[in-house]
Each structure stands twice: as structure tokens, then as C-alpha cells.
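Protein chains in written order, with our numbering: chain W, 1 to 274; chain X, 1 to 274; chain G, 1 to 274.
Source of the hints: derived by calculation from the structure; they are not laboratory data. Each hint should be verified, as a subset may be incorrect.
Note: identical chains are not told apart, hence a pair may lie in one copy or across any two.
Stated by the list, open to error - Below, a list of computed lysine-lysine pairs in the DSSO-like style, where the Cα atoms sit at most 30 Å apart:
{"no.": "1", "residue 1": "K67", "residue 2": "K79"}
{"no.": "2", "residue 1": "K194", "residue 2": "K4"}
{"no.": "3", "residue 1": "K75", "residue 2": "K106"}
{"no.": "4", "residue 1": "K131", "residue 2": "K11"}
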Amino acid sequence: MFEKSLENLKKNPPLVHHITNYVTVNDCANIVLAAGGSPLMADDYEEVEDIVAISSVLYINIGTLNKRTIESMIKAGKKANEKGIPVILDPVGVGASQLRNEAIRKLMENVQFSVIKGNMSEMKALYTHAKNTGGVDVQEEHMIHDHNLDENIEFVKGVARKFKCIIAITGVIDIISDGEKTCFVRNGHAMMAKITGTGCMTGSVIATFCASNKENYLEAAITAITAMGICGELAHEKVMARSEGSSSFRTYLIDAMSLMDLNKLKEGAKIEFK
Amino acid sequence: MFEKSLENLKKNPPLVHHITNYVTVNDCANIVLAAGGSPLMADDYEEVEDIVAISSVLYINIGTLNKRTIESMIKAGKKANEKGIPVILDPVGVGASQLRNEAIRKLMENVQFSVIKGNMSEMKALYTHAKNTGGVDVQEEHMIHDHNLDENIEFVKGVARKFKCIIAITGVIDIISDGEKTCFVRNGHAMMAKITGTGCMTGSVIATFCASNKENYLEAAITAITAMGICGELAHEKVMARSEGSSSFRTYLIDAMSLMDLNKLKEGAKIEFK
Amino acid sequence: MFEKSLENLKKNPPLVHHITNYVTVNDCANIVLAAGGSPLMADDYEEVEDIVAISSVLYINIGTLNKRTIESMIKAGKKANEKGIPVILDPVGVGASQLRNEAIRKLMENVQFSVIKGNMSEMKALYTHAKNTGGVDVQEEHMIHDHNLDENIEFVKGVARKFKCIIAITGVIDIISDGEKTCFVRNGHAMMAKITGTGCMTGSVIATFCASNKENYLEAAITAITAMGICGELAHEKVMARSEGSSSFRTYLIDAMSLMDLNKLKEGAKIEFK
Chain W
1 MFEKSLENLK KNPPLVHHIT NYVTVNDCAN IVLAAGGSPL MADDYEEVED
51 IVAISSVLYI NIGTLNKRTI ESMIKAGKKA NEKGIPVILD PVGVGASQLR
101 NEAIRKLMEN VQFSVIKGNM SEMKALYTHA KNTGGVDVQE EHMIHDHNLD
151 ENIEFVKGVA RKFKCIIAIT GVIDIISDGE KTCFVRNGHA MMAKITGTGC
201 MTGSVIATFC ASNKENYLEA AITAITAMGI CGELAHEKVM ARSEGSSSFR
251 TYLIDAMSLM DLNKLKEGAK IEFK
Chain X
1 MFEKSLENLK KNPPLVHHIT NYVTVNDCAN IVLAAGGSPL MADDYEEVED
51 IVAISSVLYI NIGTLNKRTI ESMIKAGKKA NEKGIPVILD PVGVGASQLR
101 NEAIRKLMEN VQFSVIKGNM SEMKALYTHA KNTGGVDVQE EHMIHDHNLD
151 ENIEFVKGVA RKFKCIIAIT GVIDIISDGE KTCFVRNGHA MMAKITGTGC
201 MTGSVIATFC ASNKENYLEA AITAITAMGI CGELAHEKVM ARSEGSSSFR
251 TYLIDAMSLM DLNKLKEGAK IEFK
Chain G
1 MFEKSLENLK KNPPLVHHIT NYVTVNDCAN IVLAAGGSPL MADDYEEVED
51 IVAISSVLYI NIGTLNKRTI ESMIKAGKKA NEKGIPVILD PVGVGASQLR
101 NEAIRKLMEN VQFSVIKGNM SEMKALYTHA KNTGGVDVQE EHMIHDHNLD
151 ENIEFVKGVA RKFKCIIAIT GVIDIISDGE KTCFVRNGHA MMAKITGTGC
201 MTGSVIATFC ASNKENYLEA AITAITAMGI CGELAHEKVM ARSEGSSSFR
251 TYLIDAMSLM DLNKLKEGAK IEFK
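Generate the whole structure from the sequences, applying the supplied hints.
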């Protein structure tokens, strides 16, 4: 576990095309660089096909979508499918508005995704068209804990089978599944929810690892999510040691990604397969 | 003072809908999280009513407005008024362009605001349609000092009465008034003007406190502005102790908000009513 | 060298109008403030002329251009030419898409630039219409080293003469030329490529210095680029001393700009004229 994903990324640093929101886009760019990739943000309808053509992966995040960028997402997604590069989706806040639901419906119809990553409220909205009143955060009744882990694993497997892609649910316990094999990751720290962008950055890191690991998206996604979780733990330790707060935490989280290596991953990982 | 505002915020962490600029939006999201709220940024015309429907407050900031988002602001503002949640306005750079003046005129015509926050140049432009050549910064002749405090208080009271809302002017001395009761706050540090986003973040924190304190917007605004000022002082102390610069200051400012509590507020506050 | 540029900037802190990308715009705003200017971001077609009218310089960066903002860039550029203020161009990622090529072609046709700043891949694309597959990063075959320095100097001089403006190429060795006099700067650190925004921030600082130094754009650009390079070195030292990573580096880079002075510039500068 982990060796190959890391090694492939180091050997082939990917160009990571983002069509993403303007809230956390800077954090996304910096975490891609920290992880070893090269970020490229471009969302104009006239341009996205050219950018996909030189990129190794496409990451679509609907955080601050608008009518203009929805069309760009679909066009870019189709082109990426044609070219055979992975496409990662973060359906931020789906279920919270008609526009997001419609955008996601169109995206799912037109694009085959390699990995869909979100919190459990987003994934329920995606799968069952349930309303999502948590906005971009998970609703309390959807949080993953030990007592509801088994039913959640079954749910995630079902979603993965339906959409024929890796499903990655992030939360207190992360669940990643390809419909057959399922992994849960117990890394991370509650402070990750106290800054904006943790989820988006996780998507960017998944995209970065998938780009260089086309043979094994499941392992790529697990590596990315475990790495993010360990970064959160290391950042939290540093903040505590220095009596600092949430913004320092953000800095140390990205710092930790830029200093991540195989040893830290292997020693820090708290993962289990089911 | 302060107890109730803090307690209500802790009991009812609000969803804070922002329609704001792309320059400081990440700082706004992080300071809302640091203060105890949950930020949500959405600006598409087709989506803003749905997002208002699940939010506890609407914050409108025209920092990088464009024709597309002006219409969204008006639509969202009307819906928020209908729903009875507070609407906060930051008329960034009003007076600096025809487009901003027109946008603000339309907003004031169509939306009843709960709090309008800006620097003195912006407020003069808003009230008297004066030209504003300072861009997003206050012009020197409009700065609030002890020697012009009394006349400024009268001006602010007049504006508050005219627009039937709380007016909050931030500067070396902050003035907050509902038209009857007026408070001035002497917290803060000059270094707050050396980073971008201090003003926008203050607006976000006001929105966060107002959302959970619908009975008393004046106290909510005073609490938010005092908290920001104290954070500025704490951040400055840390920067000086560590011989760091403006970007570290930004980090420590948000850190301080994430560590704010009733004691720090009560001990640090330099406020006076008139 | 340096004294006059710094002194003029201190005497006349400029309003720096940016039409720039949403990825690094916050960093740009903060570095302008750190350098001693006042940033102002505005990109709506209806507004840009009014904003140019109150500004001291216009900085155009096509990082995340779209059809809406391309028209704004041209309109603002023309107005700035009319008014006689400097216009700085950062042709981010030109050569990577038809849209960027077209935008740059139109900009070059309609606007006289004072300084064009980019990496060598971008400048080759600009001059020879070569394809640029590096995205926003320099392609390896275009990197400037000692062994290809002479031919690169000749190339840059030619570009400067053709476009009748200062050309500034940033890289391991920076080359700045007005077509006659050429300077190369050996300041900086490899870690500057490990965060997003270094290039954009350099453009913002060039704009800030040019605004206050209309008599000598060449010296203004050299001062800005040397200052950025020294900030990169100081930030790297601090990161090493504290065992931190790339995000701390970004913080310390902006910190260093806010603490820059004539002594540090004079002592740290590694520049040579040819």
C-alpha cells in the first residue's frame, strides 16, 4: 500500500486541471503543488477543451457554480472521457438548491467519473435526491460513526456500483469503495472542519494521485485521503504545541502535505479493508 | 454586554450566506468558521433564493461586483427580507464608479438592510452621493479622530435614521449606531489596514453574530466589531514578539477569532456609549 | 540603484488596479499592501474605465480569463494608455489555449504595455506563437541557465524591441530588458515554484513600483523582481530554521515584503547588467 501511488506521482508529476469554486481555489492550487502536481485553473467554455488536452486529470468542484461554468464542466468532462484521463467530481452542496441538483444530473448523464468525493449528506442527495439543508457541511444525522458504520458501508458500495466509479465519503470516518472492496480511514482531526477548503483540497489531492495512477484509482484515492488525514493530525499537534488557532492550522496542514513521505504515511495510516 | 451575543451564537451556529467578492472570500469563510458559524457562498441568479431559504443571514459585499451578481444580490436580498432573516451590506468602494453607485441605489431601493458597514468614505458616498477616490480604502479627510468624533457621531446617527438600520463605520475609532444609541469602539490596530480583507471579514463576523441575535442587531454588531479589534491587537502583539510581517498578522488575526471568548472580550473591550 | 524607486513609492503610494485571476488574487492584494501600495480589483466592463480613472497603474493578468473579462481588459488598457498610466501584462499560460492566444493578440493590438512579465515558455508563445504545453509553469527546455544565458538575453532584447516595452522573464535567472540595457537577477529560491502565485505577485509588485516610477520602468521592474527574489531567500531561510513547509513559505514571503527596506535590497541584490 502507498509505495506505488507515491512513486508513480513522483515519476510523473501531473498537470491537474481544476474547474472549481473561487472560495478555496488558492488552497487547492497550493495543496496540489505540495503533493507534487502542477495545478491549472481554467473554466471558460471556449478554453476548457484545449486545457484538458494538455492535462493529466480533470477535477470538477461545483462549490460556487454558475450557469456559465456548468456548461464548461460538461464540455471539459466529455473531452476528458474521450482522452481517457480520470475525472474527479466533488458535488459540493448538492441537494441545497435546484441549480446544483440540475447541474449534477446533467454532469452524471454526460460524464463518466472516476471518483466522486463528498460528505454523506451530499452523497445521499446525489443518490436519493434527498434535500440537503446542511449547505456545504454534513448534516448531523448523516455523520458516520462506529454504530452506523456497517449500514453506511453498504450504502457506499451501492452508490459505487450504480455510478461505476470510486465513491469516497469523507467524515470522522472516511469510507472509500469501488463497489467491491471497501476501505475505511480513521485518520484526520475535528479541526479540519474548522477551516474552509478541507474537502476541496482532498478532492484536489485525489485528482493528483489518480492522474499518476491510472491503473488503480481505489488505491490512489485511499492514499490521498489517508495523507490528508495524517496532515490534519500533524497540523493539529503543531497548533496545540504553539497555542495557535484555525488559520495556523490551515498553514500547517498544507505544510505537512509538502513534507509528506512514505514513512509518515505507513506509520500514520489507520486504515482497514472490509 | 457580550454575554448574550456569544451565548446565542454558540447555541445556534448559523449558516451565513455570502454574495461577496473573489479577493477576500476565503478569509471571510475562515473567519466565519473561526467565529462559530458556517459559511456558504453562492451567487448565481438561479440559485440564491434556494440558498437564502436554508440560511440564517445574508451578507452582501460588492467588492468585485458585476452585472450578473448585482441581480443576484437584489433577488437574494428581497427573499431574505421576506423570510425575515437579517441582511448585512458592505458597500465596498461605493462612490468609485458609476456601476457601484447604481448597484447600491438599486439595492437600497429593493432591500431593507439590518446593518450597513463600511469606512467613512463609503458611507459619505452612500449618503451624499459624493465621489470616492480612495477606492476601497478610506480617504484621509474622512478618517475618524477624536477632534472630529462628535460631528461624525451626528452624521452616523443621521444615516442610521434615514436608512432605518444599524450603521457601522470602521476606522481608527469605530462608530456603531441605530440612530438613537451610539457606541464607539477604540479597539484594533493600524496593521489591520496592511492586509486585504479586514473590512470584509468584519462584515462576515457582523453577519454571523446578527444571525444568532435577531433581537438586538446593535449589540451583535458591537460585539463583532469589538471582537475583530481585539483580534487585531492580539495578532499585532504576536507579530511583534516574533518579528514577523503582514501575512503572519493575517494568520494570527483569524487564529485569535478562533480562540476568542467572553473573558478576552470583556477585558479587552474599549467601548463607550454616547 | 533601488534608492529612487523605493523613495518614490514611499512618497506616492499608488492605487494599483488589477484585472486578474481568482486563484492568486488575494496574494496579489496582500503583496501590494506589503510593498506599500493599495490594491483595487475590478473587472466589470461597465466599471473598469471609472476605476482606471482613479488608479495609478493597471495590471492585467490572464490567469483565469473568460470572454467577459477579456473585453474589460482591452477597454481598461485603452483607457490607461489614454490617461498615461503604466500598464503591466502577465500573459499567464499563453500558448496553452486558443482563447489565451486570441486574448493576447487582441490585447497587444489595442494596448501599449509598459512591462510584460512572464516565464520563458509564455514569452516564446507570445513572440513566436509556439505551443505551450507547460500550462502556467515553464517547460523544461525553456528554463534559463548559465549555459544558455547569452542566447536568452538576445531573445529577450529582441522581444523588448518588437513590443517597445520592458520585458521581464522570471526563472532561476531573471532577465529584464528594455531592448538596449539588460539586467539579470540571480536572487530567489527554488521553493518559489512550490507555491501558487509567485509569478502573479511579482507582476503586482512590478505594477506597484512602476506606478510611482514613471520615469524609469526598467529600474522599477528590476527593483520589484530583486525584492521578490530576496523575499524568497529570506522566507526559505525561515522555513528551514523552523522545519516548516510550503504554506509557511508563502506567509514568510509576503512577511518579508512587508519588512523590505533599502539596506536589505542593497545587501541582498545579485544583479548584473549586460
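| Among all the numbered hints in the text so far, which are the ones the structure does not match? | none
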